[in-house]
Every structure is written in C-alpha cells, then in structure tokens.
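Please arrange chain B on chain A, whose structure you already have, making use of the hints.
Keeping their order, the protein sequence lines are chains A and B. With my numbering applied, the first sequence corresponds to residues 1 to 418, in that order. With my numbering applied, the second sequence corresponds to residues 1 to 313, in that order.
Please note that the accuracy of each hint is not assured.
[Claimed, not checked] Here chain B is said to cover these stretches of chain A; the calculated rule only asks that three of the stretch's residues, wherever they fall, bring their Cβ under 8 Å from a Cβ of chain B:
1. 69-77
2. 90-100
3. 156-168
4. 390-399
The set of hints was computed from the structure by calculation and includes no laboratory data. Built from N, CA and C at the ideal position, the CB exists for glycine as well.
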Amino acid sequence: MRSILKASAAALVLSAFAVGPATAELTGDLKIFLDTSNPAPRATMEKIIGDFQALHPDLNIETTVIDREEYKTQIRNFLTANPPDVATWYAANRMAPYVNANLFEDVSDLWQEPAIADNLASTKGAMTIDGKQWGVPYTYYQWGVYYRKDIYEELGLSEPANWDEFKANCQAIIDSGRKCYTIGTKFLWTAGGWFDYLNMRTNGFDFHMALAGGEISWEDDRVKQTFANWRELIDMGGYIDNHQTYSWQEALPFMVSGDAVYYLMGNFAVAPLRDAGLTDDQLDFYQFPAINPDVELAEDAPTDTFHIPANAANKEAAREFLRFVVSADVQTEINNGDNLGQLPVNSQSSVDDDKFLNEGFAMLSSNSPGGVAQFWDRDAPAEMAKVSMEGFQEFMVKPDNLDRILAKLERARKRIYE
Amino acid sequence: MVDVTARQAAALDTRSWFRRNQIAIMPWLFLAPGVLFFLFYVIFPIFQSFNISLYEWDGLGQPEYIGFANYEDLYWEFVDRDAFFVSLTNNLLWLLLYLLAIPAGLFIALFLNQTVVGIRLYKSLFFFPFVISQVVVGLVFTWFYDPTFGLLNTMLAWVGLGPINVLGDERFVTYGIIAAGLWPQTAYCMILYLTGLNAVDPEQIEAGRLDGAKGWRMLWFIIVPQLAPATFIAFVVTIIGALRSFDFIAVMTQGGPFGSSRVLAFYMFEVALSEYGFRMGYGAAIAVVLFLIMLCFIAYFLWSMYRDEKRAR
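Looking at chain A on its own, in the form it has when it is part of the complex (with noise of 0.2 Å):
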C-alpha cells in the first residue's frame, strides 16, 4: 500500500514536470482564435500548431484566425459568448479591461514553473497585473529609426549620437529637398510611438509611465517641454504633408521612393520596405538618439500574447499549448526570418540571423537601461490612448492649438482615472 502510495507521488510530480510528449495525452477539443491575419504570421501560426497537433494526436485542435483589426473589437464578445481555450492578445494595460472583468485566466502557475521563470524572466512585467500573471508572450519587436542608409551617405551625413545632430541631419536632408520623417497618422496609434520616444528621452521611462496612469498632469512643464521638442521637428518641417490622410502603409511608398528618409516605426515595416525593393544596402536602423542626457534610454518593444479566456473548456490542453509555444525551440522557429520575424521572448532561443533583429536585440538587451515600454495605446487606458493620440495628431497638424489640446486631455485625464 505505502509503495503504490509512493508510486503514485512520484508520478504525480514527475508528470507535474515533464514537458511535452511525455506527459498524459491530452484529448478532447481545443479551440485556437488567432488575429495573426497577414500571410506570414498565418502561415507561421498553422505551422506550429500543426507540429503540436502532431505530439498530440488525440486532441482535436480546431483553429479561427480573425481579421487583425476585426479582432481588437470582437475579442470581447467571445470571451463573454463563446469563449476558446487559447486566445491571442496583447500585454500590459491592453489586458486590463479582461483581467478585471475576471475573463482571462490567472496563469501564474505556468509562470511558477522553471522552464518559463527563468527562460521569460525579461517580460514577466508586461504579463503582470495585481501580482499575477494572465498569459504568455510568444514574440516582440524593437521600435526605432529606419533611414535610407544611402541618402545618408549621398548627404555625407552619420547616424546621429545626440539631439542636436538628430535636428541637424533632418536640417541637411530638408535642404536637400526631402523631408525627414515619412508616417501616416490616419489611425492615430503611429503619432503615439513619437510621443513615446520624445517623452521617454525628455523626462525617462518613469516618468513616462507615471503619465500613462494617469498620475501626471498633462499641462504639467515637463510634459510642454517633450511638446517643445516635438515641435522644433514640426517648425522644421521634417515630416511629410497630409500625413494625417494615410495609414502607416501607405506612408511607406515615400520612403521607397527617397521623399523622405526616415521611418519611426516597428520591425515589422522592414519586410514591406525590402517587398518594395528596398536592399539591405540602402535600408538601416538606428535607436532613437538621447535629447536630455540625464535620463537613461528606454524603448518600445510591444508584446504579442497568448491567454486563455476563463471560461475556457479545455484549460488543461490550454496550458500545454502555452508551454508549447515559449518553449526554447518554437520561439526561435516561430520568430525566425522566414516566419514572424521578429525577437524570441525565450531567453534560450537564438535571434534569426537578420541585420535588423541582431541591432534590435542588442539595443533591447543592452542599450535600455531605464526599461523597457509596451507602446502608448498598451501602457495607457484604451480611452486615455485615444483621446491623447487623437491630441498627438492634432499637434503635429496644428502645433499652434498645444494648449487647448492640453487642457483638453487634462480634463480627459480627471475623469478617466478618477
């Protein structure tokens, strides 16, 4: 009797932590719900979960992918509704409005457990809210400057240390007859990643964060003085007219064709820009350049989720597929060039060889020592984004109405976080 007891303990904890094929087989149904509509990212996602379907024969895996944009509003019908057993989603403040409506499940277990505490260490934050995690990354991707290399050398101009050379090279190149910054403001979030790089080199990531929740005045100095600097780049004319007619898409042709020279983006206009025809060559990547030399460099670097909606009927295969997905191994094929192309989050994988990925995770893991930043619309309230991005377009059209803008997200600001 003792023995069998024993038995029993010893199974119980070793199939606690075996990974993989190895433990009980798991049956039944799993529904997936995806937003990873662009090709790539679709073919990538059936990809791996093909290959888990294959160390689980007896599951029935039956995946929905859902239009990008489409998904961001229906995600709360069907995990009110009909809810599947793993969704994809994004960290940080993006979470909130689920988590506190109690419809993602606490996952903090997963992150007790050493393959993934150790291995995913780097953004156990982003996944955190009231001390407990809520779901799991499987990708990210540095932000930054991507400029026309060759103009640049055209221009005999060097990528810029500080904030005076950063205004300097635009000052060069609008001399040339070009604009700096090409972007395409239509849908508001591409003027948030320059407020977040203005403000974080203005007054450093805490400060920066402080803002988001809403614990800062919007007409507060320091906040006019990440205004002031943007400005100088709109008196400048550094970015390209009618911006606030184009999506970021259509944004881009201006840089393929040298109208302007620089993109402040994610990684992911890199593909689009080398589609375009752009080589390797003439296409580079600096980190946005220091303004106030007192505070340390902080980045955004958005993180792609998995969660599994608390109403999910197959929880236990859940887990296993989020085990599955940051294992070492999926992260580095997951993420690799000819997938997502995009920076593992499993501290194990190894980066694709790709110019772009190599600078961005260098910059990530060494070169951002005030932290690290999700992105605007993640780090803010959803409300407290979109009356703020909306004020960031406003600006950069009409830099004259800064004050009523203020005032305006000041009273935003009161009754959002009251």
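Below, chain B without anything else, positioned relative to chain A:
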C-alpha cells in the same frame, strides 16, 4: 320550449370558437410575426439603451448606476465645444446639405425623362452609384480627394489652384464626405422622381399649356405638385440617409482628422464599441440623443401619413 330553441341554436352553430371569430383574429395573426420582431428588435432596445445610458459600464464587468452623469458629461462636452459638439454640428450639416439630393435628383430626372435612343442606358448609368456599395463609393472618393495623386488636385492644378487636402483639413472634411454621400443619394432621388413623372397627368399639362404656362411656371405649378408623393418619399429616405452617414465616415476618415468629421452615430460607435471604446453607458446616452433627433422626424412623418390617410377616406 325556450329551452329547446336555445339548444337547437347552439347545435346549429357547431363551428369552433376560432372559426366563429376568424375575421377578427386573422389580421392579428398575420401581423403577429412582424409585430413581435418589431417589439423585440426595435421598441425594446430603445428602452434598453435608455436604461444603459444611466450606468457606467465597460461592456464586460458589472454596470454601476450613475444616474444622469453621462448626460452631464455630454452637456459639458457641448459647452466645451468638444467631440459631442462637433458631432452634433456635423449631424446638422449632414441633415441640411444632404437635402440637396432632392432638387438634384429632380433635375436629373426631368433631364432623363425624354425618349431618345439609348435612354435606358443613360438612366441606368445615372442610377449606377446607388447600386454600388457605400463602402466602394467612400473609397473612390478617398482616392479622388488624395492630396498627392488624387484626381481632384490634378484638376485643380490645371486651373492653377490647390493642392487642397480635403479629407485632412478640418474645415473641408465634412463637406467632402457629404459630397461623396450626395452622389448615390441623388441617384436614389432621381429614380423616385422618374417613377413619379410617369404618373403625371398629361391632361393637366395640356390644360396648363392652354393657359400659357411654360418653363419654370409649368414645373413649379403643374409638375411639382403632382410629384408630392415622390417628394415625400425622397425627403424621408434622404433624412434617414443623412442620419445613417456612418459608413462614409468609417471608410473615408475614421472620424478624423482629430475627430473633426465625426457625427453622432460614429461617435457613439467610437466610445462604446471600437478598439479603444469601453463606455457603453456613454455610447447609449449618445444613442438616446440621436434617437430624440430622429423622433422629431419620425413624428412628422407619422403625422403627415396619418393626415394623408384621413384625407383619402
């Protein structure tokens, strides 16, 4: 004796209760599906959204009763000339300018109401914009207005004007979208008037001619009064179209630049249901305001229909 006749009468009318009352019941039975759906999908949601507008609710968690605070917020947004004020003014602009579709439709209908070779083809070409989806119309106009390679700016350049960024300038954007909306709406009014013109009494025109009516006087005193039913329908569909302007705005500007092309319907969607919208109660309050605006028109339509029915009897 009495007893016997009563029993005989009862025995004579052996039909069931349903058969005896068939004539009274049948209309209600036929109406029942429609009435039920109307109650459930139209009347009930009106009260439901009024109820929701009294709560603060993110659509996911527990609603919290806050009385009329949402309406108070709307009031302050109105006073501060914020988003709600912009949406309301744009709604009024839409209502006013969209009515241009009625005279425009009338003149195109008059122009096409002739018998020449291939008139059917011309009529269908003029009707074409109404057949294609509003989303496509919106897209076509977005390209037409494009500040760098749009046709509009190319044409303006020929006469030495421009370039103007219609959809990127908060002064022009609403007019630009209304112009796009007028294109299919004019076609709709045109088709209503074309059918109306078929019913114009030739004898009255003849009589008008004998009395020396020509040109504008003929149109205004003989033709237009006879087109009154068509005008009424055109007015109804145009008002409804103006209040439903959501699709054009969603496709062409997303309410931008910086929210200056919003109308109430789009603003409601934005705060309650869009990517960043989690204020169901606030959205419902906007919906109630929109409903009250519509109610003025609905009341007018019902009243004038009631009046016509009465006169017809």
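For each hint, the structure was consulted:
1. 69-77: This one holds; 4 residues, not fewer than the three required, reach chain B with a Cβ under 8 Å.
2. 90-100: holds (count 3)
3. 156-168: Check failed, 0 qualifying residues.
4. 390-399: holds (count 5)
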